[in-house]
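*Asks:* Order-wise, the sequence lines are chains A and B.
Each residue of the first sequence is one higher than the one before, counting from 1 in my numbering.
Each residue of the second sequence is one higher than the one before, counting from 1001 in my numbering.
Hints may contain errors.
Simulated crosslink set (BS3-like; lysine-lysine; CA at most 30 Å straight-line) [unchecked claim]:
1) Lys71/A with Lys1049/B
2) Lys1022/B with Lys1077/B
3) Lys9/A with Lys1049/B
4) Lys1049/B with Lys70/A
5) Lys9/A with Lys83/A
6) Lys57/A with Lys1049/B
Don't read these hints as lab results, they were simulated from the structure.
All values derive from a computational prediction rather than experimental measurement.
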Amino acid sequence: DGGITQSPKYLFRKEGQNVTLSCEQNLNHDAMYWYRQDPGQGLRLIYYSQIVNDFQKGDIAEGYSVSREKKESFPLTVTSAQKNPTAFYLCASSFGTGQPQHFGDGTRLSIL
Amino acid sequence: AQSVAQPEDQVNVAEGNPLTVKCTYSVSGNPYLFWYVQYPNRGLQFLLKYITGDNLVKGSYGFEAEFNKSQTSFHLKKPSALVSDSALYFCAVRASGGSYIPTFGRGTSLIVHP
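The shape of chain B in the complex, shown without the other chains (with noise of 0.2 Å):
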């Protein structure tokens, strides 16, 4: 079985600070690891991956996060908030082998402050 924990709800910060939103998996195996960003009403974007190799991923509009195995942890982190990141973000888990079919944590709305 496989599961991904996003342990807080809601996450604030103020604009330029920095940002991160935890999230912690269970697998069987290697992860393969996935954020992704919802706006109102809209459908999921992807933000990055982790499959293998560096721990840190780079992806999309300034975010990465950080794959730490021995705490089984991908947290998204970005280093300067902007108020438009305010979204739904999602982290999502599945095994290297097996079922190819991704679980989804329940989602963390990140509010930035202006």
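The following block holds chain A by itself, in its conformation from the complex (with noise of 0.2 Å):
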């Protein structure tokens, strides 16, 4: 079956560490993006990519960074810069414009 894999499924980091999220579909979508969700806040994007080597900041960019060396894999750095990163990740992916979103179930990243 096709789908958006992310993992792990919960995440601590401590102090000073970066941490890294992972995020492969095999949708053969184009298109992939990275999410925040807070409670109550929606979702605030962070990066997204729409094709490989290639990759924009979102609206909160500050703190994280991503790489898009293939196809099927966007991961994300939260780095030791961001200093709340405790939040509900979220990876999607589209095959165009005008389609829907598929979305992974989610990192959640807590503070040690």
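Join the two chains, each given in its own frame, into one complex according to the hints.
*Replies:* See below:
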């Protein structure tokens, strides 16, 4: 079955540590996205990528970094510069313009 | 700029009664509109979309939505609610031209009481 896989499901970060969230899709989608979800705030866009080796900042990119070396993969690194990283992180992909997004089941990041 | 408003943080309805979750939008040009549902600790699942054509759009699990251009609304409806419909619902919009990145509303928590 095609879909998006996010791992790990739960992640804990220590002070000063960078952590990487994995996102893999086998839907052959060109576009991929990272969102942050906080209670009562909906989804906020962190980064997005339309094609391999290209990505753009979203609304809240500070303290985060991404790479898109393969079509299937779009990992997100939460750096130590992100002072409030506790949130639910969602990865999504879409086939093209006007098409709905497919979402993974998220990674919940907490601070130790 | 594009924006979405979901004016109700929470909607309560009794099982078997009709339900409506409201969404209004603002966008330059023609809108692409979407509804998604999220269950606890899960990702969002696509329910339905409006791109063009009939104003009444039918989607998954018996849900439908009505596009109203004059009122810039895209309310989600279901004739008879189920307890299992209890979840968080998100409306999203993007303009038909320009950036293809959708903007999401803050979400509405639907609670269906037995």
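*Asks:* Each of the hints needs a verdict: does it hold here or not?
*Replies:* Here is how each hint holds up against the structure:
1. Lys71/A with Lys1049/B: This hinted pair holds, its Cα atoms lying about 26 Å apart.
2. Lys1022/B with Lys1077/B: Holds, at roughly 9 Å.
3. Lys9/A with Lys1049/B: holds, 29 Å
4. Lys1049/B with Lys70/A: holds, 29 Å
5. Lys9/A with Lys83/A: holds, 21 Å
6. Lys57/A with Lys1049/B: holds, 26 Å
Comparing the model with each numbered hint stated earlier shows that all of them hold.
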